[in-house]
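Engineer: Take these sequences, add in the hints, and give me the full structure.
Numbered according to my numbering, the sequence shown spans residues 1 to 367.
Please keep in mind that the hints were generated in silico from the structure rather than gathered at the bench.
Cβ atoms here follow ideal geometry from the backbone N, Cα and C, with glycine treated the same way.
Mixed in with the good hints there might be a few duds.
[Claimed, not checked] Now the in silico label distances, taken between C-beta atoms and shown as ranges: (1) Glu235 <-> Phe338: 39 to 47 Å; (2) Leu210 <-> Ser119: 54 to 62 Å; (3) Tyr356 <-> Trp206: 44 to 52 Å; (4) Glu113 <-> Tyr356: 18 to 26 Å.
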Amino acid sequence: MRGSIAVVLTFLAVIAGAIPQFAREYKMACADCHTQPPKLNLKGQLFADSNYSPPRTKIRDVLPISFWLSAMAQTVPNDPKTVRGVANRIELISAGQSNRWSYFVEWRALSKEVLSSGSKRDRSGRFEDLFFTYDVNKSTQLQFGQYRALSQLDVSLRLNLGEPTSFSASLPGTSGSNSRKTSLRGFSLSGRSPSIRAMHQFAGTWNAALTIPFPGEFSIPLTSEARSTASFEFEPNPKGAFLELYEARGLQSVGVHAFVGNNERFLIGTAAQYNCGDLFFDGGFSHATTQGASEWRLSAGIDWIPSFSTAFGARLDYRDAPGFRPMISPYTSFVLPFGDSAVKLILEGRFQERRYPQFLLEVGWMF
Numbered sequence: 001m002r003g004s005i006a007v008v009l010t011f012l013a014v015i016a017g018a019i020p021q022f023a024r025e026y027k028m029a030c031a032d033c034h035t036q037p038p039k040l041n042l043k044g045q046l047f048a049d050s051n052y053s054p055p056r057t058k059i060r061d062v063l064p065i066s067f068w069l070s071a072m073a074q075t076v077p078n079d080p081k082t083v084r085g086v087a088n089r090i091e092l093i094s095a096g097q098s099n100r101w102s103y104f105v106e107w108r109a110l111s112k113e114v115l116s117s118g119s120k121r122d123r124s125g126r127f128e129d130l131f132f133t134y135d136v137n138k139s140t141q142l143q144f145g146q147y148r149a150l151s152q153l154d155v156s157l158r159l160n161l162g163e164p165t166s167f168s169a170s171l172p173g174t175s176g177s178n179s180r181k182t183s184l185r186g187f188s189l190s191g192r193s194p195s196i197r198a199m200h201q202f203a204g205t206w207n208a209a210l211t212i213p214f215p216g217e218f219s220i221p222l223t224s225e226a227r228s229t230a231s232f233e234f235e236p237n238p239k240g241a242f243l244e245l246y247e248a249r250g251l252q253s254v255g256v257h258a259f260v261g262n263n264e265r266f267l268i269g270t271a272a273q274y275n276c277g278d279l280f281f282d283g284g285f286s287h288a289t290t291q292g293a294s295e296w297r298l299s300a301g302i303d304w305i306p307s308f309s310t311a312f313g314a315r316l317d318y319r320d321a322p323g324f325r326p327m328i329s330p331y332t333s334f335v336l337p338f339g340d341s342a343v344k345l346i347l348e349g350r351f352q353e354r355r356y357p358q359f360l361l362e363v364g365w366m367f
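Structural biologist: Structure representation (structure tokens):
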């Protein structure tokens, strides 16, 4: 256990600021775009919605790359006295805009994780995001590449560690030739897949999006294990179609969505986010069906951000599927900005009935 904690204290981890590339280009601080990294404030949200259109005159040209280093430690669910630590991330991030085109890339040169069994998995060389957006006109956009299916809420901007169950739980697809291909055929709202998306804004604040996800994952495997756990895969037959309709006003939105796909898959749900002073609420509620088996899913979270450096929050996750029980996940997050980068520390607990509590720690640096 002491050795695992030492690993955590030795390495820096987790995203903690505005993309430093933009901070350097436009002479901006993290607080210009974030209430607390990575959660955006109104200015940051408008900048992201504009596909990185310059917020001001560029101060200087820089190499368009930022780096995200990460490590974490966690207790093992079935053995709470055991702590596992791992340096889990070296990520290269780049984004930009030119004329009607914009791009965003996150590539993990190092990508490791601790599984629920306590074992470790190496997926080094995979892309988190890799997409291009084309502005057809002021109201319509086309997007190509690999990204999350849900566009109304970006769960990557959460302050805590785990993704909301309502968005992350998968609808299984048809069986593949191996477990990896079977997994890649699954669909979840926050899951990343090679996709094509058309988005249109109307009546000022209303948005409609149609996404066609494909089974697969873009990657450049860098280790022998990653050649099987993060191999480059792509299948031309779509998983199905995902449709969204939502109203967005700054940091607040409410909408509905539906997915229809092969393997008799269907999902319908709603998502919302709301801001009131230092309090931020978000969540989703959905009903999912696969080959006649159905379940309800619910996630509801609250963040209290009294200052840029400090945040507290909690989330409730629930699925009415066999073996699942409601889970409460409280957390606290601290940020120390310096220059155009920042260090961040996250402590999170996960509590479920009839299960040992699990605790996670992540500490990090982005520059």
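Engineer: All hints, please: hold or fail.
Structural biologist: Hint check results:
1. Glu235 <-> Phe338: 39 to 47 Å: At 45 Å between Cβs, range holds.
2. Leu210 <-> Ser119: 54 to 62 Å: violated (39 Å)
3. Tyr356 <-> Trp206: 44 to 52 Å: holds (46 Å)
4. Glu113 <-> Tyr356: 18 to 26 Å: holds (20 Å)
Consistency note: the structure conflicts with earlier hint 2 alone.
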